[in-house]
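Read off the chains here:
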Amino acid sequence: MNSGDSRQNSAYNPDVDELKFISGGTGILLRANESARDNQRLLAADTLRFQKWLRANVPETAVQADEAPTLALHSADFWLPFAVLASDVALQFYLGLAVNYVYDCLKGRLRHDDHTIHMAVVYEDKANGLVKKFEYSGPVEGLEQCAKAIDINKAFEG
Amino acid sequence: MTFRSAEGIRLWHGLRKVLLEYWHAINRLDFASAATHVAAAGTQAKARHKRALKRDTCSDQVLDDYFLFVTALDALQVYAAYWDSVVEGMYSQSWSLLQDLQDSLRLIKRFGRRPDIRLWMVLEEQCAGLERLYPNRPCLSAEMIHGPVVCSVCGRRMDDPRCPHIPGNLYRGQLAFGVVQEILSVPAVAVVTNPMDKRCGVVLPDDDEHFVGPGILRGALRDGQLGPLRFAGVEADLDRAVAAGSDASCSEEATDLNGRTGSGLRSASPDEREDAVRLTLVCSDTPMLAVEDLLRLGRVRRTIA
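Chains as they are written, first to last, in the working numbering: chain A, 3 to 160; chain B, 7 to 311.
The set of hints was computed from the structure by calculation and includes no laboratory data.
Some chain A residues well away from chain B (every beta-carbon gap over 12 Å; in silico):
#1 9
#2 101
#3 135
Chain B is faced by these chain A residues, among others (derived, beta-carbon under 7 Å):
#4 54
#5 71
#6 73
#7 74
#8 77
#9 78
#10 110
Here chain A is said to cover these stretches of chain B; the calculated rule only asks that three of the stretch's residues, wherever they fall, bring their Cβ under 8 Å from a Cβ of chain A:
#11 171-178
#12 183-193
#13 202-208
Glycine included, each C-beta is placed from N, C-alpha and C at the ideal position.
Isolated chain B, as found in the complex (with noise of 0.2 Å):
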């Protein structure tokens, strides 16, 4: 389970029926929608918290779970926008979505009890895969120096020893960071290969020609190719893949870097060169995420076939 108290575990079992719709409608490309399923639920839970941070009478378990709960429906929000922003062709927005969905697979694989969740699991692939589509963009990393730092949780400056809340801990239900009083200067901004945060790059406007990666996936969700819950990974050279201007266009037999097979969907130049690159997405004959892997949150990994 993710949760550790009952009440997490109730809560999740009490979305039975948000969770079916949610599943039905990714299934069937109806993103808005999933995506509107959960965003109810997940504003329901966040004033729940609220008011159970300001009545003090829960134990820290069940306010973490709160937090765990709020972070989980966010998930399936950004996944199901995600999917959405990649059929409508915004693939800028596209990347920023996907860069969310893991922050929130971070804490949620931080602070849930086990992080062997299989929905989870599958998201966390599926992002790798995904993240391979995209080119590879020069990424902002500011040098900021900085004054006192002052604690989210309990507002005294972090480097008072009477805040013992440290930096991305989970403190009753609430995430501790630190909040900068004042930027003093700005002295750089470097580029970089490895940032804090992926959004901070170059943005391309949504038709420039290095998402070509984005537009293979695009254009197989729209031919019915291929689903959210069937895409299992990415084999793929995209310097070479923008190079021959490739683009989507048969599908063949591929099997995946975890040696799973399934139908994959192959680009290659369009006069089929010796030199022609593949971009193949790897697609599983079967859902990677049954509507159970949503329901229970409670399944170990299994092998898919």
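If we strip away everything but chain A, and leave its shape as in the complex, we get (with noise of 0.2 Å):
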């Protein structure tokens, strides 16, 4: 792990429309976030341009977003969306989907300039059939190293 990275992966209780989309849907669905405040349904700030980026450059996979308010955070940090992924979509490619994204984003960005990935992703751990939820906060380069990583589980250690 980097400093200055959070990682998580953990089960996950999906909720019906959460389940039945990984068990019988395809893609990748993003999903509005829970707002702690009032529990108003929000999409993450960059969940738009995200999914034209995916419908851009992954054609072949489908990308349905919820529809919902956008809250937007001007902080200079990337907010993707919390994504669900059918069983058609592997972690490790979702993975490297956000991280091209990212540096898609960052191309132009000056030497100093500084910034954070917030993510968090739903998937079906098909070693044992649970579903799972990966979070991560910081760098890219330390989710290009939770991309590269052939175990997901593998990128906890170390």
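Build the complex: two chains, separate frames, hints provided.
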């Protein structure tokens, strides 16, 4: 693990819609998060751009997003949407997409610019049939390291 | 080269006289005149870009180069305006101008053909150094809940699959971005250390004691100890410098973070106590930018002696 990042990979209890999507859907579902303040469901700041980027770069992967207002946070961080992966999308593939998206956005960054990535993704761990949630917060290099790990559990070692 | 099309390169070469005058004006600290030189060229370029978009006969590459051309001229104009505001002691404004300059540099690096053009690399390096001179101010970040967003290029809702434009990308010389149609609420304003826009901070008056860094820079410029084109960086511990009430007092040899040496200006507390804090402006013996760096826009980085 890099200094300055936080990673978590734990069992997750999906709601009915998520479970239906994981087992019977295809592609990626970008979900709205429930706001802690007033329980309003809101899309993360980068949802729209990320969704369009996915449509342009992986047109063969179906991408759908919840209909909800967006919470725009004007910090220099990336707030990727809470994603749910259907069984036809591997976590590694999704992490690779997230890394490519962030690097694409960062083209033109200045050397002293500093950005943190925040993301969460729910997926089915086919090895044991569990639904898990992977969360990451830190620099893009750390996320890239996770995407490169063949076994995501190895991303938590060392 | 920054430009991809023959038209873009031709336009930049056509600015030879303007760029020469700009460079000489910056060298003699006549910033208003330097800004005027490029402003006129920038206005013409913007009009040309608009006409080309209307005619719709130019290639994507040419239109993108018009955008880059205008952005490059904007960067040079803001560079002159930045140094002018420092010399005039308008430090709050100079901070905003420094952010404007960096915004232009990001666009040039993102859409230019090559990112390693010396002109842009030097300006980036100078920006990094200059930012360190300013106090760490709390910045504000508004949390906004908004509804649908409309595309700046095609006018459709951005979540409409018929809109192919990705925010932040360039399409026929037009930067795509989302235009928020309705802000539903602003539930909070957060104080953040790394805002999207560093201009959104607490505005300090120009005579605030925390502007010790820009004050030293101003003194060095006015005393003729430093020119903008020789500014190579900063070695500073501003928090301690403010505490010690330091000011620019003498010059010495200095080595910057990249190992370059040159004459520097250092500040020390008036009584030169043991814990005196030094604020060193690293100054290159030769100009960081030669006039040909502006003219050619095609040189790769070289080591600065």
